[in-house]
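S.K.: In case you want the letters, here they are:
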Amino acid sequence: MQKVIMGNHALSWGALLSRAEVIAAYPITPQTEVVELLSNMCADGDLDAQFIKVESEHSAMAASMGASAAGARTFTATSAQGLALMHEVLHWATGARLPIVMGNINRAMAPPWTIWTEQTDSISERDTGWLQIYTSSIQEIMDSVIQAYKVAEQVYLPVMVVLDSFVLSHTNENCDIPDQSKVDAYLPKFENAYKLDVAKPAAYGGLTGPDWYYELRYKIQKDTERSLDLFEETGKEFGEMFGRPYGLVETYKLDDAEIVLVTSASIASTARPVIDQLREEGHKAGLVRIRVFRPFPSDLLRKLLQGRKKVLVIDRNISFGMSGAFYEETKAALYNEKSAPPMWGYIAGLGGRDVPVDVIKETFLETIKEDHPEGDIIWIGVKK
Amino acid sequence: MLEIRFHGRGGQGTVVASKALAFAVAREGRYVQTFPEYGVERRGAPVVAFTRIDDEPIYIRSKIYEPDHLVVLEPTLIGAIDVTEGLKPGGWIIINSEKKAADFPQFKGFKVATFDATSVAVKYRLGSAAAPIVNTAILGALSKITGFVGIDAVREAVHEISPVKKDENVKAAEEAYETAVREQEQP
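Protein chains in written order, with my numbering: chain A, 1 to 384; chain B, 1 to 187.
Hints were generated in silico from the structure; no laboratory data involved. From the three backbone atoms N, C-alpha and C, an ideal C-beta is built for every residue, glycine too. Please note: incorrect hints may appear among the correct ones.
Examples of chain B residues lying across from chain A (beta carbon under 8 Å, computed) [as the list claims (entries may be wrong)]: (1) A22; (2) A26; (3) V32; (4) Q33; (5) F35; (6) Y38; (7) Y59; (8) R61; (9) F110; (10) R125; (11) A129.
Here are a few chain B residues that sit away from chain A, every Cβ distance over 10 Å (derived from the structure) [to be verified]: (12) L2; (13) K19; (14) A45; (15) I58; (16) A102; (17) G109; (18) D116; (19) S119; (20) A131; (21) V164; (22) D167; (23) T179.
Next comes chain A alone, as it looks inside the complex (with noise of 0.2 Å):
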């Protein structure tokens, strides 16, 4: 079924279509619409579903983390400060290895007040041991929650769909709303094989000493690692299903790329269209669009990235006292490599900013004209 939508309403859809059982959600702009849509879902008979309503984001994660403790899919969204109160029981879920799905609308932190896009919220759990999936189309925000089950439920780990405020979560565009059966068949019903059961009672998050807890680390560590194949796995089925497949990363026009922007979100959309511009002049342009940040795909990026002659990264985040988070973790991969190339870190469209096509440009410009970055952080278009 074709149909134009808002991106959280794709979230709603993807909920919808995943037959998530339990939802429980706290309103907050810029995430309203995910979670009006789904209790409409609900109260219409769509979603067989209990809608729990909270009273704050922490009881949101809570409730979710009960629900899923008891085998249930579990479904829930946020946004910003909702994401930061969540904060404690978000290490909470990773730890009790619940495979609960979250959209997260990117919204800039107060103060100031604001409600316009910017990654350092959910950049800001990025060690809470959620995985995290950075969408880039109305479209990708629905399929990806629907993926995110699949990975979840089989190392048993919690996953963020993330996307722009109103630049995605407000945006109507056309998207394909594929049929239940088909979904079912990709995303079958979930069996939680340590779900709570009173017939077999048992304790669970105990106190564990020393001789253990570190070991159940390296457990979360490992599925973590596991789950860099899973979403590959995952993404490719899905593209064989519904003729839309997805990766760890997108590129684009990347095979004799010299110089290479990687960005993620919204702000790689846009950046499609200056890498078409940048051909047309003489550049060889070329863009990789991180999809999935946590867990971090730094052996792809080390193998399409290396031996470049340039590379320049946007971050719509930044870690004060650092850079941004995707320069920072991009640069990280590929410091041992010795065909290292340079690497260019920009922050442009914090606080919901507009980074349009012109803004993208200027940072390829600015790039092509230098031999070497100096510094960590270049600010684009900064009123001084």
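Position chain B against the provided structure of chain A, taking the given hints into account.
M.R.: Same frame as chain A, now just chain B:
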């Protein structure tokens, strides 16, 4: 690619107008992208919304700075803000107004068309008489004047998108389509 910018005031259905156009165009099998400029929304405040239309998938995800065409749902915005900022030469300016195109000499170099969508909205009791919702009527007029989108698709899109008074909204769009005049003035 066609890029269209909508200007209105909060409460007139400006954002829905941009969405309804997108819904209609998608029904004709083309790619669309539509989004409002989000600020602090309140009734009566200037509102801007955007629609992109293309035969190919649309990748660009920034605001529209150089629109091909404009739709002005609220004529009192003209002069209060520079509605034509960035408008490409020769682009259409569709204005909801009872005046004639010749009454807008400041828009030299553009194609101006007017249509009294307010009267149609009031006739079908869309919104209140004091604050009518003019979006569905102006879309009917846009379909007739520019031919960007067919009236059949507009009719279906309006029916789909209208939360209440579906039939009245469809009739408003149809009446606008039938009575709007493709009057092209280059004052």
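S.K.: Determine for every hint whether it applies to the structure shown.
M.R.: Outcome of the hint check:
no.	hint	result
1	A22	holds (6 Å)
2	A26	holds (5 Å)
3	V32	holds (6 Å)
4	Q33	holds (5 Å)
5	F35	holds (4 Å)
6	Y38	holds (5 Å)
7	Y59	holds (4 Å)
8	R61	holds (4 Å)
9	F110	violated (23 Å)
10	R125	violated (27 Å)
11	A129	violated (30 Å)
12	L2	holds (15 Å)
13	K19	violated (6 Å)
14	A45	holds (16 Å)
15	I58	violated (7 Å)
16	A102	holds (35 Å)
17	G109	holds (24 Å)
18	D116	holds (28 Å)
19	S119	holds (29 Å)
20	A131	holds (23 Å)
21	V164	holds (16 Å)
22	D167	holds (22 Å)
23	T179	holds (28 Å)
Comparing the model with each numbered hint stated earlier shows that hints 9, 10, 11, 13, 15 do not hold.
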